[in-house]
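Enquirer: Just need the whole structure built from these sequences, with the hints factored in.
Below, each chain spelled out in residue letters.
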Amino acid sequence: MNRLPAFTISQPQSVAEASEMLASLGDSGRLYAGGTELLATMKEGALLYDTLVDVKTVPGLADIRVQDGELWIGAAVTHFSIETSPIVRELLPVLSYVESRVANTRVRATGTLVGNLCFAEPHSDPATMLLCLDARVVAQSTRGERQLTIDEFFVGAYETALEEDEVVTSVVVPLPPANWRMAYKKFQIIERPTLGLGVVLELNDGGDSVATARAAVGCVSESPLRSSAAEAQLAGPLESLLERLDAAGDSLADEADLLDDREGSAEYKRHLIKVFLKRAVQQALQSDGPSR
Amino acid sequence: MSDTSAQILLRTTVNGLDVAVAIEPQETLAEVLREKLQLIGTKVSCNVQVCGACTVLVDGLPVSSCTYLAYEARDRQVLTIEGLASKDGTLHPLQTAFIEENAFQCGFCTPGMILAAKSLLDQRPDSSEHEIVEYMEGNICRCTGYRSIVAAIQKAQASVADRSS
Ligand SMILES: Cc1cc2nc3c(=O)[nH]c(=O)nc-3n(C[C@H](O)[C@H](O)[C@H](O)COP(=O)(O)OP(=O)(O)OC[C@H]3O[C@@H](n4cnc5c(N)ncnc54)[C@H](O)[C@@H]3O)c2cc1C
Ligand code: FES
Ligand code: FES
Chain C
-8 MNRLPAFTIS QPQSVAEASE MLASLGDSGR LYAGGTELLA TMKEGALLYD TLVDVKTVPG
52 LADIRVQDGE LWIGAAVTHF SIETSPIVRE LLPVLSYVES RVANTRVRAT GTLVGNLCFA
112 EPHSDPATML LCLDARVVAQ STRGERQLTI DEFFVGAYET ALEEDEVVTS VVVPLPPANW
172 RMAYKKFQII ERPTLGLGVV LELNDGGDSV ATARAAVGCV SESPLRSSAA EAQLAGPLES
232 LLERLDAAGD SLADEADLLD DREGSAEYKR HLIKVFLKRA VQQALQSDGP SR
Chain X
65 MSDTSAQILL RTTVNGLDVA VAIEPQETLA EVLREKLQLI GTKVSCNVQV CGACTVLVDG
125 LPVSSCTYLA YEARDRQVLT IEGLASKDGT LHPLQTAFIE ENAFQCGFCT PGMILAAKSL
185 LDQRPDSSEH EIVEYMEGNI CRCTGYRSIV AAIQKAQASV ADRSS
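One line per chain: the protein sequences are C and X, in this order. Read in the working numbering, the first sequence has 275 at position 284, and its numbers run on one by one without any break. Read in the working numbering, the second sequence has 81 at position 17, and its numbers run on one by one without any break.
Hints may contain errors.
[As the list claims (entries may be wrong)] Here are the computed distance ranges between Cβ atoms for each label pair:
(1) C/4 / X/225: 44 to 50 Å
(2) X/73 / C/-6: 17 to 23 Å
(3) X/164 / C/75: 27 to 33 Å
(4) X/225 / C/219: 49 to 55 Å
(5) C/257 / X/100: 46 to 52 Å
(6) X/102 / C/53: 31 to 37 Å
(7) X/160 / C/4: 17 to 23 Å
(8) X/73 / C/36: 24 to 30 Å
[Said to hold, decoys possible] On the chain C side, residues computed to face chain X include the following (Cβ under 8 Å):
(9) -2
(10) -1
(11) 3
(12) 4
(13) 21
(14) 27
(15) 30
(16) 98
(17) 277
[As the list claims (entries may be wrong)] Here are a few chain C residues that sit away from chain X, every Cβ distance over 10 Å (derived from the structure):
(18) -7
(19) 34
(20) 43
(21) 71
(22) 78
(23) 97
(24) 101
(25) 154
(26) 257
I should point out that these hints are in silico values taken from the structure, not numbers from a laboratory. Backbone N, C-alpha and C fix where the C-beta goes; we use that ideal spot for every residue, glycine too.
Expert: Below is the structure:
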């Protein structure tokens, strides 16, 4: 049985203290939330740290709250807490759904949304939908606080724009107006999804046309991406939307860095993108509010 | 790497009993349960959070004890398979149903299966078959083919509902 190498655990009492600890530890320390990624990679010997800085001992990071029309999710909030939060279920059911389908019950009970984003594993469900929802990541250090869009946050596979001493304190998601329709669909046959696809459609006043659209695809590139060409193709009358989906699917696939790998050929992934874009759009339009 | 091992005193509750045990920060809950508390009903198979053999409940929620630090159990309630039957030995309805439905063969997945199912039935006693399958999909069984496991969970569900009505 693979055992974890020895380490100590530090228990910061504030974000500033956590940031100071990270600065002084340098490469020998790392923030630790649920540990579902971190401990697994340490067990394999892929990453080694002498000290884990337990972000969960910082008070105030375990909340989900609404402020100025935006949902704030703290760094210690688990997938399970988001999935079952009455606030999220009511105001952003698509996120509740996405979270309910992450990993398995045990990883959801322990793993955090913020830890998922900070690990920047390319097969993330929430990252794809959060990109589509124009979410932001709030990062804090002793030098101050800054907010990054999801796009700015992800630099590549397993790589974020965070500085060594920055602590992500929350994820902020603008709440959708009533005329938005949205859905997330994923395709998964192993532990991690093979494809994730999110759409957000803003309907016009008459409800018969897509005024603006957003579409994001995840798991098929280093980080999730949107395609402005696909989004332009999705906009327009609902009546002819189905006819435009094929081209929009191709645009989304063109944007992604489709490779032949163990999850399938590039051609297969292009096909999946088209099928799941159609399913996501159909599901989004079935609802009478911004639900999943 | 410097020597970073440092013992900590873990105070937790396991199967209703208060426990204080010296642990090292890197010890997993499965290691502490099996090696320090001799609770070997918790099994470790994949060791990477995928199979669910090591499932125990912490404050009612399932965790993969193979990768979950024992440190996290401080001041929390841990339930392992050894703590499920009543003190007088009466089996939990899930245990009875697993026996009656032949929901195990080698039995290696069973403690984790039963505890995951308990967590589901405690949270959502009226789960549909679809919800049961969806919730249990992270617990892998190499022997039974799952049908009997789902049947056992449904049987336990019905008997819990009878008892409380
Ligand atoms: C078996 C398995 C299946 C999975 N399946 C899926 C899936 O289907 N879909 C999906 O989307 N994901 C999946 N995941 C990923 C899962 O969502 C993540 O493991 C989890 O959310 C990580 O959160 P954590 O709290 O455990 O992070 P940790 O492991 O504690 O940390 C992860 C990384 O983030 C850093 N970090 C943590 N918190 C902060 C912070 N506040 N500020 C800065 N850095 C921080 C850590 O230093 C570390 O580098 C799966 C994981 C496993 C193990
Ligand atoms: S042994 Fe822990 S999940 Fe498989
Ligand atoms: S009974 Fe053998 S693995 Fe399930």
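Enquirer: Holds or violated: the hint that residue 98 of chain C contacts chain X, with Cβ atoms closer than 8 Å.
Expert: With a closest approach of 6 Å, the residue 98 of chain C hint holds.
Enquirer: Under 8 Å is the threshold here; is the Cβ of residue 21 of chain C close enough to any Cβ of chain X for the hint to stand?
Expert: Residue 21 of chain C check fails; min Cβ-Cβ to chain X is 13 Å, beyond 8 Å.
Enquirer: So the hint says 17 to 23 Å: do the beta-carbon atoms of residue 73 of chain X and residue -6 of chain C match that?
Expert: Since residue 73 of chain X and residue -6 of chain C have Cβ atoms about 21 Å apart, the given range 17 to 23 Å holds.
Enquirer: Is the distance from the Cβ of residue 257 of chain C to the Cβ of residue 100 of chain X consistent with 46 to 52 Å?
Expert: holds, 51 Å
Enquirer: Measuring from the C-beta of residue 30 of chain C to each C-beta in chain X, is the shortest one below 8 Å?
Expert: Interface hint status for residue 30 of chain C: holds (5 Å vs cutoff 8 Å).
Enquirer: Against chain X, with CB atoms and a cut of 8 Å, does the hint on residue -2 of chain C hold up?
Expert: holds, 5 Å
Enquirer: Over 10 Å from every CB of chain X: does residue 154 of chain C meet that, or does the non-interface label fail?
Expert: holds, 24 Å
Enquirer: Please check whether the beta-carbon of residue 257 of chain C is more than 10 Å away from every beta-carbon in chain X.
Expert: Its Cβ never comes within 10 Å of chain X, the nearest being 27 Å, so this holds.
Enquirer: For the restraint on residue 27 of chain C, tell me whether the closest CB of chain X is nearer than 8 Å.
Expert: OK, holds: residue 27 of chain C within 8 Å of chain X, min 6 Å.
Enquirer: Tell me if the interface restraint on residue 3 of chain C is satisfied: Cβ within less than 8 Å of some Cβ in chain X.
Expert: violated, 15 Å
Enquirer: Quick one: work out the minimum CB distance from residue 97 of chain C to chain X and report holds if it exceeds 10 Å, violated otherwise.
Expert: Residue 97 of chain C is in fact no farther than 10 Å from some Cβ atom of chain X, at 4 Å.
Enquirer: A closest beta-carbon separation below 8 Å is what the hint needs, so does residue -1 of chain C meet it against chain X?
Expert: holds, 5 Å
In terms of the numbered hints stated before, the structure departs from hints 7, 11, 12, 13, 17, 18, 19, 20, 21, 23 and 24, listed from lowest to highest.
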